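Chains as they are written, first to last, in UniProt numbering: chain A, 1 to 831; chain B, 1 to 409.
Hint data in this document are derived by calculation from the structure and do not stem from the laboratory.
Keep in mind that a hint or two might mislead.
In silico lysine to aspartate or glutamate, EDC-like type, Cα no more than 20 Å apart, as pairs [what the hints assert, rightly or not]:
1. B:Lys299 with A:Asp338
2. A:Lys222 with B:Glu249
3. A:Lys38 with B:Glu72
Coverage of chain A stretches by chain B, computed from C-beta distances (three or more under 8 Å per stretch; other residues unrestricted) [to be verified]:
4. 67 to 79
5. 143 to 157
6. 261 to 268
7. 292 to 302
8. 310 to 324
9. 708 to 721
Quick list of the computed label-pair ranges, beta carbon to beta carbon [stated by the list, open to error]:
10. A:Asp434 with B:Gln11: 46 to 52 Å
11. B:Asp310 with A:Asp411: 48 to 54 Å
12. B:Thr341 with A:Ile278: 30 to 36 Å
13. B:Gly167 with A:Asp434: 28 to 34 Å
Remember, predicted model here, so these are calculated numbers, not experimental data.
Positions of the beta carbon are idealized from the N, C-alpha and C atoms, including for glycine.
Listed below are the residues making up each chain.
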Amino acid sequence: MNADNRKGELADLKTQLRQLAGSRAAGVEDVKRELYKKVISYMTIGIDVSGLFSEMVMCSATSDLVLKKMCYLYVGSYAKVHPDLALLTINFLQKDCRDDDPMIRGLALRSLCSLRVKNLVEYLVGPLRTGLKDNNGYVRTVAAMGVLKLYHIAPSACTDNDFPATLKGLLIHDPDAQVVANCLSALQEIYTLEAASSEAALKERELLFGRPVIYALLNRIKEFTEWAQCLVLDVVSKYVPADPNESFDIMNVLEDRLQHANSAVVLATIKVFLQLTISMADVHQQVYERIKAPLLTLISSGSSEQSYAVLSHLHLLVMRAPMLFSSDYKHFYCRYSDPSYVKKLKIEMLTAVANESNMYEIVTELSEYAANVDVAITREAIRAVGRIALQLYDVNAIVDRLLQFLEMEKDYVTAETLVLVKDLLRKYPQWSHDCIAVVGNVSSNTVQEPKAKSALIWMLGEYSHDMLDAPYVLEGFVEGWAEEDSAEVRLELLSAVSKLFFKRPPESQKILGAALAAGIADAHQGVEVAECVINPPKQAVSVFADTQSSEIKDRIFDEFNSLSVVYREPSFMFLDKEHRGAYDYSEDPAAVSLVSAPADLVLPSQSLEANDNDLLLSASEKEESRGTASNGSYVPDFLTYESSSAPRSPSPPLQVVANRNSSIGSAPVARATTAGRTSQAVSALGIDDLLGLNLTFSPGGPSLSLKLNSKPALDPATFQRKWGQLPIALTMDHSFFGQPLAALSGPQPLLRHMQENLIHCMASGGQVPQFKFFFFAQKVESPPGTGFFLVECLLNTSTASANVKIKADDTSVASKFGDIFRSALTSFSLA
Amino acid sequence: MVDAFRIHIMQTKDLGTCPVRQIGGCSFLYMRISNVYIVTVVSTNANAACAFKFIVEAVALFKAYFGGAFDEDAIRNNFVLIYELLDEIMDFGYPQNLSPEILKLYITQEGVRSPFSTKPQDTRPPANATLQVTGAVGWRREGLLYKKNEVFLDIVESVNLLMSQKGTNLRCDVTGKVLMKCFLSGMPDLKLGLNDKIGLEKEAQVKARPSKSGKTIELDDVTFHQCVNLTRFNSEKTVSFVPPDGEFELMKYRITEGINLPFRVFPSIKELGRTRMEVNVKVKSLFGAKMFALGVVVKVPVPKQTAKADFQVTSGRAKYHPSVDCLIWKIRKFPGQAELTMSAEVELISTMAEKKSWTRPPIQMEFQVPMFTASGLRVRFLKVWEKSGYNTVEWVRYITRAGSYEVRC
């Protein structure tokens with residue numbers, strides 16, 4: 001349809017509607033319905049039909065329910081864009097709110113609350129109040145939700161009219177369970193939002209979800225719909241019982257929920273059980289045993305998407321207590337038809353539950369997957385075999401398996417296997433004989449991936465005395481020096497050739513000469529090459545100490561039954577509140593919209609488009625950052641967009657704040673003891689400021705009395721222990737608006753930069769725009785194990801701010817270290 | 001939102017790699033059903049399991065309204081209805097009522113005036129219908145009347161099997177469903193007895209006599225429709241319930257021990273040089289001689305470069321299907337205690353490319369065996385009690401189907 005045609009069509013619709021407006025002829029409803037359908041279908045495919053607004057409203061006087069609904073839908077979609085016209089609809093909506101038919105009362109009230117026009121709020125309060133007192137349950141359910149909608153449009157109008165208090169009354173006393181459920185949703189959301197700004201609301205919320213309400217909800221749990229049960233169970237999971245007996249009572253009441261057909265209810269119940277018993281170790285374990293059967297049922301029934309959601313949770317539990325699941329490994333066997341995201345989780349779980357008794361079977365099963373069509377899964381399976389081999393003692397059979405992979409003659413299988421065989425040899429040198437025999441048969445030109453090449457070259461060098469043709473193979477590699485792009489491979493080659501020379505000098509003199517010549521001529525490398533040859537970096541055997549700290553894991557566990565578990569990140573890492581705060585209330589924050597490819601059911605509106613822009617920008621930015629993870633590209637669009645949508649008052653680059661404000665990640669114990677120390681830190685910094693030390697200085701340089709050790713040694717376990725024990729010495733909020741740091745696209749560049757400043761990284765994670773780092777540094781000339789500074793740094797590139805928490809063995813120099821850290825952040829550049 | 005999904009998920013290779021994706025500040029949870037994507041968009045740390053379950057239930061609801069089909073055309077033809085339904089099943093992001101039973105009471109395709117008020121000035125407490133919309137027995141309305149009271153009960157099991165090349169049982173389980181179709185008047189109370197272990201033991205205790213000889217079944221896990229009184233199940237170990245009207249799934253269970261496999265497959269695949277393969281598959285039925293299986297399909301994967309295949313079968317028909325790279329052998333009716341074989345000579349096109357070892361996907365089977373349960377589960381009794389004391393006719397059927405029935409070769 002071209003534009004002219006469409007215009008004609010709309011004008012036509014307009015006149016037809018106008019003619020029908022006053023008509024009371026028989027059959028007129030049917031004609032109207034067809035016209036309305038046409039209008040709605042145009043609206044659905046994105047044609048602007050807002051020009052028909054007044055005609056549509058004129059025709060709205062009808063007793064036909066379907067017509068009414070279409071009219072409400074139309075009004076709801078365009079009211080936001082045409083607030084002046086929306087006023088026209090108030091009258092008939094209010095009238096419908098007083099209709100004799102409860103269905104119409106409910107529908108009208110819902111539409112009225114969904115107009116989302118701020119200056120119409122005054123017309124909303126009256127109908128809402130009557131709606132909450134309506135004698136019909138349907139109307140009350142709608143009204144309860146209406147209160148929440150009102151809160152999002154005009155929070156003060158909602159609280160000033162005491163609507164939350166009314167909801168509280170209904171929560172306890174309403175005979176209709178769905179009303180209770182909706183009150184619960186509304187109150188929970190309102191108080192959570194309020195609590196962010198007011199202490200009183202926080203207390204209020206705690207009080208609200210105290211024992212009386214929890215018991216009232218639990219007692220009627222069976223009356224709720226399955227969805228409302230999920231909601232109630234979630235609230236219950238946050239309740240802290242007074243003593244174990246109370247916990248047992250609650251669990252007894254809820255035990256049968258584990259047999260519910262709705263998987264969401266089962267999962268919600270599991271969460272309650274896990275949370276209630278978290279401090280009772282033995283019962284907690286019994287809970288695992290109890291919930292196993294329902295979980296295993298859930299993963300084998302339903303769609304793959306559903307089982308993925310459940311598997312993610314099972315995965316979390318398996319990782320927490322692999323022994324408890326070691327006899328259930330067969331449930332984690334992959335089906336041929338499982339999608340790869342399910343297979344991947346299953347393989348990880350198989351790896352985790354492997355132990356002495358089931359290892360052989362698991363490895364046999366994993367070897368089957370190595371022949372999978374899906375390359376990613378094949379790799380995953382081979383790595384899993386390797387991981388099991390490195391974890392367990394009796395690896396006889398596993399080594400055989402691994403070597404068989406080499407005989408499959410598939411490039412990627414060979415590549416993965418070579419890397420693993422190398423790691424194995426570092427841990428179990430006794431297997432060298434068997435391995436070398438097979439590795440020797442690998443044709444070197446099938447090995448292309450740098451990691452695999454390095455592994456092969458390392459083995460050739462290390463075991464050159466046992467491998468007859470090692471010199472010739474290495475010679476081939478040296479000849480290909482010029483075509484070799486990977487520095488890693490070149491380095492490995494140099495050291496391998498040198499090792500070869502010591503073992504078999506006559507054969508290898510020429511090769512060594514050639515390799516050294518090539519190495520010297522190499523434009524990319526300088527002195528490090530020589531250093532690497534003489535002092536080859538010993539690659540550590542892959543360590544499986546988890547990269548995620550146990551604190552992070554506990555947080556994820558606390559957020560059981562949510563996206564955190566699926567993403568394996570606590571919610572603060574992927575939810576960006578400030579980011580969202582910049583938009584006015586446009587799309588329902590928790591709304592679920594069903595979108596189908598052919599018919600877009602999401603209603604278009606301007607602010608939604610604004611949000612689309614954001615989605616596109618940040619997502620494209622994300623992709624870019626993935627592509628160029630190492631060189632971190634600067635994305636100016638993103639920044640300008642941010643600055644225009646969220647104007648920010650200019651703030652000093654560094655603020656020292658009382659660490660009460662930042663609760664993220666700090667243990668409660670630590671928080672209690674820090675008040676005094678903070679004031680000390682503040683004053684220390686105040687003096688620094690007075691002295692005009694707010695200059696940039698060379699990190700760790702002579703301008704400061706604090707010097708850092710260039711090679712501090714701290715293992716993750718000690719870090720964790722110290723982090724748990726030490727109080728926070730200093731908290732800083734650092735703003736880097738407009739600085740290169742704001743364009744950080746991956747953790748790596750910052751890690752390297754900080755390392756140059758003698759601040760080392762223990763762990764890092766996150767994606768644009770949220771990153772989290774744990775750093776450490778040590779004061780120079782400290783006795784071993786002391787003088788450490790531990791840092792937790794939360795970085796948000798979209799708000800260009802960093803929250804830094806510093807803990808120190810010696811708190812007297814914490815503020816000095818803070819300065820070093822701050823200046824290191826400031827001097828970061830993406831060069 | 002729609003564009004974000006289209007650009008970042010539908011038009012990339014990532015489609016199908018993970019059903020939960022984050023774009024910008026939003027998480028997209030999606031499912032594909034026939035040619036339609038259903039997407040849940042959330043900006044909070046939402047409950048993923050609940051979101052997927054909601055999608056599944058919503059689709060079931062749409063299907064119930066559209067008469068079974070859920071595809072592009074159904075959506076195009078029913079968009080007004082979809083708007084109406086969406087309005088009722090979800091309010092401000094919170095799921096409301098998704099029970100087709102109840103929704104059908106007040107959302108009708110005919111769009112008649114709502115059932116609530118045929119009379120004006122109705123200020124009495126809510127009528128029946130409203131109670132059902134939100135009330136206590138949410139799944140059944142009162143005042144139903146049937147001339148003939150009938151209950152149909154189907155036990156449908158699907159057997160999942162993963163067998164190794166050597167014939168060892170790697171993994172085997174049965175997931176079963178008890179499906180009911182009730183055409184009963186009034187508010188009947190039903191009680192179902194099965195030959196499962198817990199139920200029988202309980203009974204033995206109560207009646208103080210040993211349970212009858214015969215097999216008892218140990219259920220690994222059971223879940224019930226919301227109508228089942230779970231408290232009574234836990235205390236008395238009986239399945240008692242007031243059923244919804246029409247069709248519903250009463251219970252689901254899972255069994256891993258003591259499974260009677262309906263079929264065993266003995267494959268032998270020999271690669272004879274580069275261009276020939278010999279496939280021999282023997283299938284043995286293990287169920288009773290008086291029973292038979294229907295719609296048996298055996299799919300034997302062959303390499304991509306297969307040119308043609310010559311078959312010999314003792315029963316049924318076999319054919320090479322190049323589109324799926326499989327030899328497909330179909331047997332319409334497979335008698336019990338029988339042994340059928342298919343042998344095939346497969347010719348391969350010799351390729352210039354290097355020898356690529358062929359990853360042999362497993363042989364898959366499809367079948368249905370009526371009147372057979374792989375678990376051995378049987379209905380012992382089904383009692384219907386209603387205050388008017390009418391008689392009911394009960395029909396019980398059993399069927400076992402193949403779930404993912406895979407044999408490696």
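Comparing the hints with the structure gives:
1. B:Lys299 with A:Asp338: At roughly 17 Å apart (the allowed maximum being 20 Å), Asp338 (chain A) and Lys299 (chain B) satisfy the hint.
2. A:Lys222 with B:Glu249: holds (18 Å)
3. A:Lys38 with B:Glu72: holds (18 Å)
4. 67 to 79: Check passed, 4 qualifying residues.
5. 143 to 157: The restraint on the segment 143 to 157 of chain A holds, since 3 of its residues have a Cβ under 8 Å from chain B and three suffice.
6. 261 to 268: holds (count 7)
7. 292 to 302: Since three or more residues must qualify, the claim that chain B covers the segment 292 to 302 of chain A holds, with 7 doing so at under 8 Å.
8. 310 to 324: As far as the segment 310 to 324 of chain A goes, the hint holds, because 3 residues have Cβ atoms under 8 Å from chain B.
9. 708 to 721: violated (count 0)
10. A:Asp434 with B:Gln11: 46 to 52 Å: holds (49 Å)
11. B:Asp310 with A:Asp411: 48 to 54 Å: For Asp310 (chain B) and Asp411 (chain A) the Cβ distance comes to about 35 Å; the hint is violated.
12. B:Thr341 with A:Ile278: 30 to 36 Å: violated (58 Å)
13. B:Gly167 with A:Asp434: 28 to 34 Å: holds (30 Å)
Of the numbered hints stated above, those contradicted by the structure are hints 9, 11, 12, listed in ascending order.
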